[in-house]
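There are 2 protein chains.
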Amino acid sequence: MNISRREFVSASLALGASSFLNLQASPLGQSGLTIQQVMDLILKSVPGAPFQQTVDTIKTGDVGQRVTGIVTTMFATVDVIRKAISLKANFIIAHEPTFYNHTDSTDWIENDAVLKMKKELLNKNNIVVWRFHDYIHSMRPDSVLMGVLTSLGWEKYYDAGNPVMIKVPSITVREVVALAKAKLGIKSMRIVGDLSQSCERIAILPGAPGGRRQIGVQQQEKPDLMLCGEVAEWETSEYIRDAHALGLKRSLIILGHSFSEEPGMKWMAAWLQPQVQGVTVKHIPSSEPFTWV
Amino acid sequence: MNISRREFVSASLALGASSFLNLQASPLGQSGLTIQQVMDLILKSVPGAPFQQTVDTIKTGDVGQRVTGIVTTMFATVDVIRKAISLKANFIIAHEPTFYNHTDSTDWIENDAVLKMKKELLNKNNIVVWRFHDYIHSMRPDSVLMGVLTSLGWEKYYDAGNPVMIKVPSITVREVVALAKAKLGIKSMRIVGDLSQSCERIAILPGAPGGRRQIGVQQQEKPDLMLCGEVAEWETSEYIRDAHALGLKRSLIILGHSFSEEPGMKWMAAWLQPQVQGVTVKHIPSSEPFTWV
Chain A
1 MNISRREFVS ASLALGASSF LNLQASPLGQ SGLTIQQVMD LILKSVPGAP
51 FQQTVDTIKT GDVGQRVTGI VTTMFATVDV IRKAISLKAN FIIAHEPTFY
101 NHTDSTDWIE NDAVLKMKKE LLNKNNIVVW RFHDYIHSMR PDSVLMGVLT
151 SLGWEKYYDA GNPVMIKVPS ITVREVVALA KAKLGIKSMR IVGDLSQSCE
201 RIAILPGAPG GRRQIGVQQQ EKPDLMLCGE VAEWETSEYI RDAHALGLKR
251 SLIILGHSFS EEPGMKWMAA WLQPQVQGVT VKHIPSSEPF TWV
Chain B
1 MNISRREFVS ASLALGASSF LNLQASPLGQ SGLTIQQVMD LILKSVPGAP
51 FQQTVDTIKT GDVGQRVTGI VTTMFATVDV IRKAISLKAN FIIAHEPTFY
101 NHTDSTDWIE NDAVLKMKKE LLNKNNIVVW RFHDYIHSMR PDSVLMGVLT
151 SLGWEKYYDA GNPVMIKVPS ITVREVVALA KAKLGIKSMR IVGDLSQSCE
201 RIAILPGAPG GRRQIGVQQQ EKPDLMLCGE VAEWETSEYI RDAHALGLKR
251 SLIILGHSFS EEPGMKWMAA WLQPQVQGVT VKHIPSSEPF TWV
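Residue numbers (my numbering), protein chains in the order written: chain A, 1 to 293; chain B, 1 to 293.
Incorrect hints may have been included.
Put simply, identical chains are the same to the list, so a pair is met inside one copy or across any two.
Within a straight-line C-alpha distance of at most 27 Å, the following computed DSS-like cross-link-like pairs (lysine-lysine) qualify [what the hints assert, rightly or not]: (1) K249 with K187; (2) K181 with K88; (3) K282 with K167; (4) K167 with K44; (5) K119 with K222.
Since the hints were made in silico from the structure, they are not lab data.
Treat the numbers as computed from the prediction; the structure is a model and nothing was measured.
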């Protein structure tokens, strides 16, 4: 599927306008759809899906059961699982891993107390967790990227020919920090470079695509500013520190991994809702785990 | 070599007591030693060195030249290189990569402006950069770990039988944060868990050993608190968030990669100095690149 920019913004607006306040009072699971059928329906919108190689597998639960409610989130944390249970939703679509590593392999921590308790919570409540990472990034436009741009009010700058870059009217790094705090709900973040530097050419790389990708974009695009989810501290942040010391106009804003991609999963709830009538789809932000001190 | 705890502390104290204030006025490089000879001398203290497989290679420069001064640091940043040049030191021993990736491979960014300018700065000034990562972690005790423990006043809790764990008189997470700020020079950090939680069994993992190692220690040791350098935000920080939500007594302090290992490279300068008489060895902290906003 090719989602147009207008359709993307419409879905985002629908999310804002609709109300999920009376979820617990609503009759859930009236559709008769199984979780597998919902998955099949979603995958129709992903070019080339299903993929042979992907981390987007079922992490737990029986997909043959009838769906009673759907939750989208960044991380299926214990808190998000408990909220899903209280909403009587049995299907969590999470962008990131459930068991603390990229492939969700558990053989190396099978005796771990936390893993056991989390699995018990999931199994006891018949929750299915499905990762939706490779698939959402394969949509065109990448719905995570588009979610971030739309949240920032920058969707009009999206360039399908070079999605990683946008060109904006001159703005300082400090102003972008304030915008990101206001629009993405971030309280604290880290930057490298200069808060007073002006920016017009901005690279947007949500999540953690790795230093090679981030620095590859630096080499090719020489952006005034890069917005990213997270860095390894021996890679992109050191590159930008050196670039800045060498007199180049380069800065980096590290939004935090969750905050940088959450708008994509929020968008997904609004996009999915009209396709599964009778089933409530709700986005529960998992937010960040950090206390900044 | 096996450095005793007492010797380790002595070296650390020596560093504090000695003065490098008149470096520029001092005649450097009076030893006649080449950089290669200094390296050979250092490697005599590392069990099993030289290693066949290691990232601790020469990153730039001619090791056959006479050493004029030695700088130890975490990152050979552009600023650290400039300070070394101003000290007329031609040998930088850095714990972390110089060219923004673990193996310091540069084929993938050979046309990059930042890489070119940094290499030009190094070459023009005949600076040798040597990474000292695998080697320092192979010393017994691991001098990075011991550096951190000594800085925190916790060297007396070091347990050679289980170096990753210490047992301390009851202390809260908040008090450990305050201690780390005071002793390691950290202004801001992130924690996961509960600032008011008490701790007795603390895991210390400087740097970025990866989620498998960090979570492996969680599984095995169930520490009240883990101090680490950095995390991937889909690994250990999510594990601790869940552990905490499940009612377990687990917290995590993320010191920052540089701050968590800098004491090891500071220790190294004091340890090396008496072995290279006539050559000044100075530690230049590269600190962190981040502005917290």
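Going down the list of hints, with the structure as the test:
1. K249 with K187: Answer is both: 26 Å inside a copy and 26 Å across each meet the 27 Å cutoff.
2. K181 with K88: Answer is neither; intra-copy 32 Å and inter-copy 45 Å both fail.
3. K282 with K167: Close neither inside one copy (33 Å) nor across copies (45 Å); limit 27 Å.
4. K167 with K44: Neither: 33 Å inside a copy, 55 Å across copies.
5. K119 with K222: Between copies only: 18 Å across, 45 Å inside.
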